[in-house]
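Chains as they are written, first to last, in this note's numbering: chain A, 45 to 826; chain B, 73 to 360.
Just so you know, these hints were derived from the structure itself, not from any lab. One or more of the hints may lead you astray.
To be verified - Distance condition first, Cα-Cα at most 20 Å in a straight line; then the derived PhoX-like pairs of lysine-lysine:
1) A:K474 <-> A:K75
2) A:K758 <-> B:K100
3) B:K113 <-> A:K693
4) A:K472 <-> A:K763
5) A:K75 <-> A:K472
6) B:K113 <-> B:K100
7) A:K814 <-> B:K100
8) A:K633 <-> A:K610
Read off the chains here:
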Amino acid sequence: MGVAHGMGHSVKRKEDARFLRGRGNYIDDIKLPGMLWLDIVRSPLAHAKIVNINKEKALATPGVAAVITGADLVPYKLEWMPTLMSDRQMVLPVDTVMYYAQEVAAVIATSRYAAADGVAAVEVDYEPLEPVLDPKKALLPDSPVIRFDREEKSNRIWHWEAGDRQGTDAAFKGSDVVVAEDIYIPRIHVASIETCGCVASWDPMEGHLTLYMTTQAPHAIRTVVALVTGHLGLHEHKIRVVSPDIGGGFGGKVPVYPGYVLAVAASVLTGKPVKWIEDRSENLQADSFARDYHIHAELAAQKDGKLNALRMGVVADHGAFDSAANPSKFPAGLFSICTGSYDIKTAFTEVDGVYTNKPPGGIAYRCSFRVTEAVHAVERMMDVLAQKLKMDPADLRALNFIRPEQFPYKSAFGWEYDSGNYQGALDKAKQIIGYDDLRKEQAEKRARGELMGIGLSTFTEIVGAGPSHTFDILGIKMFDSAEIRVHPTGRVIARFGTKSQGQGHETTYAQIIAQELGIPEEHIAVEEGDTDTAPYGLGTYASRSTPTAGAAGAMAARKIREKARKIAAHLLEANEADLEWETGKFFVKGVPSRSKTIQEIAFAAYTNHPQGMEAGLEAVDYYDPPNLTFPFGAYICVVDIDRGTGEVKIHRFVAVDDCGNIINPMIVDGQIHGGLTMGMAPALLEEIVYDENGVNLTGTFMDYLLPTAMETPKWELDKTTTPSPHHPFGAKGVGESATVGAPPAIANAVVDALSHLGVTNMDIPLTPQKVWAVLKEKGAAL
Amino acid sequence: MIPAEFQYATPPTIPEAIALLQAHQDAKILSGGQSLIPALKLRLATPPLLVDISRIAGLTTLSEAGGWLHIGALVREADLEESPLVRSRYPLLHDTSHVVADPLVRNLATIAGNLAHADPANDHPATMLAYRAEVVATGPSGARVIAVDSFFTGLFATALAHDEILTEVRVPAPMAGSGGAYLKLERKVGDFATAGVAAQLNLDAAGRVQQIGIGLTNVGPMAIRARRSEDVLRGQSPSDALIAQAAALAQEDCDPTADLRGSADYKRNMVRILTMRALHKALERARA
């Protein structure tokens with residue numbers, strides 16, 4: 045008999061046995077008999093009319109079976125597909141390409157090599173059109189309107205606002221101090237190590253489609269596929285979506301890309317399985333981007349530093365189609381969390397979504413729906429205000445934190461924060477890093493002409509979407525699910541509506557069940573990702589797995605425990621009310637020797653269950669969270685800047701995180717290590733850059749700069765624990781905290797290093813050339 | 073990321089390799105493949121034939137003889153990086169090999185390929201200019217020696233004829249009081265240089281600079297020898313002021329273009345900063 049390691053145990057990850065040995069089963073490992081390959085012709089221009097597509101040479105290429113163009117899709121009404129944001133997106137253009145690297149035609153061939161040769165042989169004549177690249181200019185009346193298919197002749201997709209406009213205006217007028225900055229959060233890409241791809245397998249006899257696919261949300265995808273193809277007779281019960289092992293998602297594997305639809309169409313066309321796997325450049329150039337927010341941020345305060353009001357206006361570049369992946373009622377995601385950890389009574393924000401001739405997106409980058417943008421803006425502005433007031437940024441934060449006794453706290457934008465102790469986390473971070481001594485060291489270095497900066501980020505997240513009264517995707521409420529089956533020998537299969545992409549669900553979900561039922565986690569097999577077997581769920585993103593599906597696992601386990609109590613009472617010939625539960629067994633109150641283990645009860649559930657009771661020991665739970673969860677943290681970053689080269693070196697980084705009760709501390713530490721590195725990436729390195737024609741200049745890892753271990757400093761981690769009061773076991777979710785919290789800590793440190801030169805804001809990424817340009821302008825470069 | 077179709081040959085001897093090159097005007101030599109294979113995968117290069125020289129015997133020499141360090145055409149960056157001889161006697165070469173791309177690349181990439189490819193962003197050209205190295209080109213009529221100063225002729229262009237193979241690199245053995253250093257500014261590990269500076273010098277008994285070479289990476293259509301900077305220091309006791317003057321001349325004599333790594337102004341200034349730092353480090357090593 046094993047031991048049940050429930051909450052709080054650093055159990056080694058079950059999935060690592062296969063991952064570390066190279067035995068994972070990823071999408072490109074799937075090979076079906078007779079399988080064909082699909083490759084994609086992409087546009088070399090950002091905006092152009094298609095004059096002609098000549099397939100002849102491609103069709104004459106050995107191994108090429110078919111070439112599909114937009115015109116070929118028109119009879120099937122497949123040239124457009126709906127997006128999650130109630131917009132539509134081209135599968136293939138019929139006559140106009142909208143962005144560089146857009147899909148223009150698909151080549152299907154007997155090998156990956158033949159497909160690539162076929163792509164090289166397709167001849168496309170383009171007539172260039174003026175690209176619209178600057179979202180602010182796109183909103184001007186004289187801008188060309190790029191979405192010819194819409195009735196509304198404007199590049200504005202939508203205007204969204206939240207909060208109290210007039211009250212905020214009045215609060216600004218009545219304040220002693222106002223600070224304002226333009227903050228650009230650049231376009232970046234999640235760049236997961238595994239690119240996107242699928243194997244579509246159409247069975248013409250059964251009229252059944254199996255779609256193996258790199259998706260974070262298999263059930264939602266199945267519904268979307270059914271909606272797109274229903275008119276062709278392909279319905280949801282005839283579609284099976286299987287999401288195998290996934291090599292990183294981070295939000296980039298939530299949307300449906302044209303390649304998926306093309307693979308399905310090609311399989312239906314040829315009657316054979318069709319595989320489509322992106323290469324790295326396709327992934328970087330055409331798949332959904334993140335961020336690209338032009339923020340004008342303002343804070344109003346009294347002269348003692350007490351905050352009065354916050355106002356933020358955003359121009360959001362969404363590219364050619366609005367294919368963001370937000371809850372449907374939130375076109376700008378959860379940006380209205382931008383009052384952060386602070387007690388700000390009055391606030392207003394407005395966001396304009398804009399079309400440009402760039403790839404569509406606006407997805408997360410390991411964050412919960414635009415939370416990173418909100419946190420970056422408010423954390424940056426707190427430092428701007430501190431600088432203006434000549435206050436220490438830690439003191440300004442302390443003055444304005446929402447205090448522990450204020451929870452549950454209703455923010456100016458209407459969010460109800462569940463729990464928090466922001467000052468506690470900041471005090472711990474300051475103590476670990478030796479904050480006061482660092483400030484002295486900084487002053488000494490400054491006197492010697494050296495540049496050192498200290499940056500804080502005391503962020504709050506908003507994760508675990510979400511309560512059904514507010515959160516849905518295309519009408520489907522954002523619950524999540526678990527189904528637990530305890531078999532006669534006490535072994536368990538548990539299935540969830542989410543899908544791990546590296547988070548370690550096979551381990552942590554088993555630990556949740558181990559905690560609730562006292563069954564050893566190694567006796568519990570966790571399965572996800574197959575729509576034929578797993579209960580319906582909305583998937584894994586926005587740090588929602590533990591708050592929703594994890595909660596469903598606990599609730600389903602508790603249903604099982606209640607049935608187990610009845611069976612135990614039957615076996616022990618005792619009254620249910622006289623039984624007590626101790627991890628793994630029921631015993632008669634006061635007589636511990638009279639007990640039945642959960643394994644004995646499981647066996648009885650199939651062999652000796654009470655008259656009138658259904659056999660078996662199973663339960664399903666669809667968990668509708670009563671609220672979101674609000675993990676938080678206090679990060680302090682210390683940087684040194686090379687006055688010769690402009691290079692920023694992270695000298696120390698202390699991260700104190702609070703994600704409520706922890707299931708597996710080792711996995712949480714891993715999440716934070718990875719998250720901090722992925723937070724450092726856009727702060728210092730990553731940015732998608734286009735030239736004046738809209739051509740992507742960062743289409744390989746030569747120029748899209750992913751950090752390696754060499755760029756990564758030593759992260760110093762600690763934690764505080766403030767359980768969520770509404771979650772079944774007090775957890776909050778942690779996968780994205782560090783990615784959200786790290787960038788402003790680094791940016792604040794760099795600006796802090798230069799603040800005595802009069803620098804108040806710098807946009808990320810803080811590259812050597814950008815920092816050097818500021819040093820030169822301020823006369824501080826060597 | 074799938075190359076166009078090509079033929080592939082593995083000649084066992086140099087004459088057979090040369091014969092293949094003569095027979096196929098568009099053939100390319102494949103050695104470590106760390107520049108050529110990415111170009112093939114991106115279809116930036118579509119040669120009909122690859123002549124793989126990696127099975128030719130006798131090209132892996134790495135030893136000192138007759139006042140030279142002889143480096144065979146198949147010596148990998150990792151060989152240089154790990155060689156005690158290189159580490160102890162050729163610190164500039166060791167510095168350079170250590171910052172070429174990343175360890176996976178260095179396990180395959182060759183110094184000869186790094187030179188023959190003549191990418192201005194490659195690190196060894198500047199280092200070999202600083203060393204006053206020579207290369208041996210072997211063609212149909214035998215071997216000839218080319219001084220590195222006349223080897224690079226332009227962007228991706230060298231003095232090699234199509235039917236010649238760069239079979240050896242020769243670096244002068246260090247004189248007494250020698251020191252050298254390579255400094256490379258890169259956006260992240262494995263990147264090509266935003267700018268790089270190679271400095272090699274020796275000091276006479278009186279502490280004056282006797283010989284000096286300074287090479288600049290990725291700040292022009294090919295690696296640049298900073299002659300005026302060398303002239304300022306040659307025969308002089310190297311003061312901070314003279315080093316700063318040499319660095320300022322290097323800043324003037326480079327010819328960078330703007331790209332994602334930075335503006336031309338930034339790169340010129342980085343040449344100045346790196347020249348100063350490389351000279352200080354080389355002097356420190358020369359005095360050690």
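Taking the hints in turn, this is what the structure says about them:
For the proposed pair K474 of chain A and K75 of chain A, the alpha carbon gap of about 54 Å is over 20 Å, so the pair is violated. For the proposed pair K758 of chain A and K100 of chain B, the alpha carbon gap of about 44 Å is over 20 Å, so the pair is violated. For the proposed pair K113 of chain B and K693 of chain A, the alpha carbon gap of about 35 Å is over 20 Å, so the pair is violated. Restraint check for K472 of chain A and K763 of chain A: satisfied, since their Cα atoms lie roughly 8 Å apart, inside the 20 Å limit.
Note on K75 of chain A and K472 of chain A: the hinted pairing is violated, with a Cα-Cα distance of about 52 Å set against a maximum of 20 Å. Taking the CA atoms of K113 of chain B and K100 of chain B, the gap is about 15 Å. The hint holds against a cut of 20 Å. Taking the CA atoms of K814 of chain A and K100 of chain B, the gap is near 40 Å; set against the 20 Å cutoff, the hint is violated. Our distance criterion of 20 Å between C-alpha atoms is met by K633 of chain A and K610 of chain A, whose separation comes to about 15 Å.
The structure fails to meet hints 1, 2, 3, 5 and 7 from the earlier list, while all remaining hints are met.
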